[in-house]
Amino acid sequence: MDRFVDRETELSRLRECYDLDEAEMVVIFGRRRLGKTGLVRQSLSDGDDAVLYQATETTPQVQLDEFVDVASESFPGVDRIKQEWESLLGVTSGSLSDSRPVVSVLVPVRLWERRPV
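Counting the sequence shown from 1 gives a position; my numbering is that position plus 3.
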């Protein structure tokens, strides 16, 4: 088991956001290699209704295709949704079922800074 040390406050805050009844957007920022993605992974470790997509420096269409592949693991059938960000994020944000909360994580944001989504 990997050790995860001294991030209890951050983990607790993220998990509180996951438990809310309404949609939330959480932005985690900081210098590279500080463990932001590791923090998110750890916070999601006991949930299976999460989509953690790690973007690559490719074309917007490839990013969209990769997101669909990752999202399909938690949401079978998501590949039949219209292939555009708004539709896909709407589905993976909880509109599939009101009874199960969903967390969608897109990292790193810098890959979307200059591209329309």
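What the hints contain is simulated information worked out from the structure, not anything from laboratory work. Fair warning: this is a prediction, and the values are worked out from it, not measured in the lab. Note that the Cβ used here is the ideal one computed from N, Cα and C, for glycine as well. The reader is advised that the hints may include incorrect statements.
Stated by the list, open to error - Derived DMTMM-like pairs: lysine to aspartate or glutamate, alpha-carbon spacing no greater than 25 Å straight-line:
id : residue 1 : residue 2
1  : Lys39     : Glu13
2  : Lys39     : Asp82
3  : Lys39     : Glu27
4  : Lys85     : Glu69
5  : Lys85     : Glu60
6  : Lys39     : Asp52
7  : Lys39     : Glu60
8  : Lys39     : Asp72
9  : Lys39     : Glu19
10 : Lys39     : Glu11
Claimed, not checked - Computed beta-carbon distance windows for the label pairs:
id : residue 1 : residue 2 : range
11 : Arg10     : Glu87     : 32 to 42 Å
12 : Ser48     : Ala26     : 17 to 27 Å
13 : Glu76     : Arg18     : 20 to 30 Å
14 : Ile84     : Cys20     : 20 to 30 Å
15 : Asp9      : Pro79     : 31 to 41 Å
16 : Gln64     : Asp22     : 27 to 37 Å
17 : Arg83     : Arg34     : 11 to 21 Å
18 : Pro111    : Arg16     : 30 to 40 Å
19 : Thr61     : Arg83     : 15 to 25 Å
20 : Thr59     : Ile84     : 27 to 37 Å
- Could you see if the CB distance from Ser48 to Ala26 stays within 17 to 27 Å? Holds - the Cβ-Cβ distance for Ser48 and Ala26, about 22 Å, lies within 17 to 27 Å.
- Message: Quick check: does the Cβ-Cβ distance between Pro111 and Arg16 fall within 30 to 40 Å?
- Response: violated (20 Å)
- Message: Check whether the Cα positions of Lys39 and Glu11 lie no farther apart than 25 Å.
- Response: This hinted pair holds, its Cα atoms lying about 13 Å apart.
- Message: Is 20 to 30 Å respected by the C-beta to C-beta distance linking Glu76 and Arg18?
- Response: holds (21 Å)
- Query: Is it true that the CA of Lys39 sits at most 25 Å from the CA of Asp52?
  - Reply: holds (20 Å)
- Query: Regarding Asp9 and Pro79, is the given constraint of 31 to 41 Å on their beta-carbon distance met?
  - Reply: At roughly 37 Å between Cβ atoms, Pro79 and Asp9 fall inside 31 to 41 Å, so the hint holds.
- Message: Can you confirm whether the C-alpha distance between Lys39 and Glu13 stays at or below 25 Å?
- Response: Answer holds: Lys39 to Glu13 is near 10 Å, not above 25 Å.
- 25 Å limit on alpha-carbon distance, applied to hinted pair Lys39 and Asp82: Violated, because 28 Å separates the two Cα atoms, which is more than 25 Å.
- Holds or violated: Lys39 with Glu60, Cα cutoff 25 Å? holds (19 Å)
- Item | Pair hint outcome, Lys85 versus Glu60 [Cα-Cα no greater than 25 Å] | holds (23 Å)
- C-beta pair Arg83, Arg34: status relative to the range 11 to 21 Å that was hinted: violated (40 Å)
- Given the proposed pairing of Lys85 with Glu69, does the C-alpha separation stay at or below 25 Å? Between Lys85 and Glu69 the Cα gap is close to 14 Å, so the pair holds against 25 Å.
The structure fails hints 2, 17, 18 and 20 (numbered hints given earlier, in ascending order).
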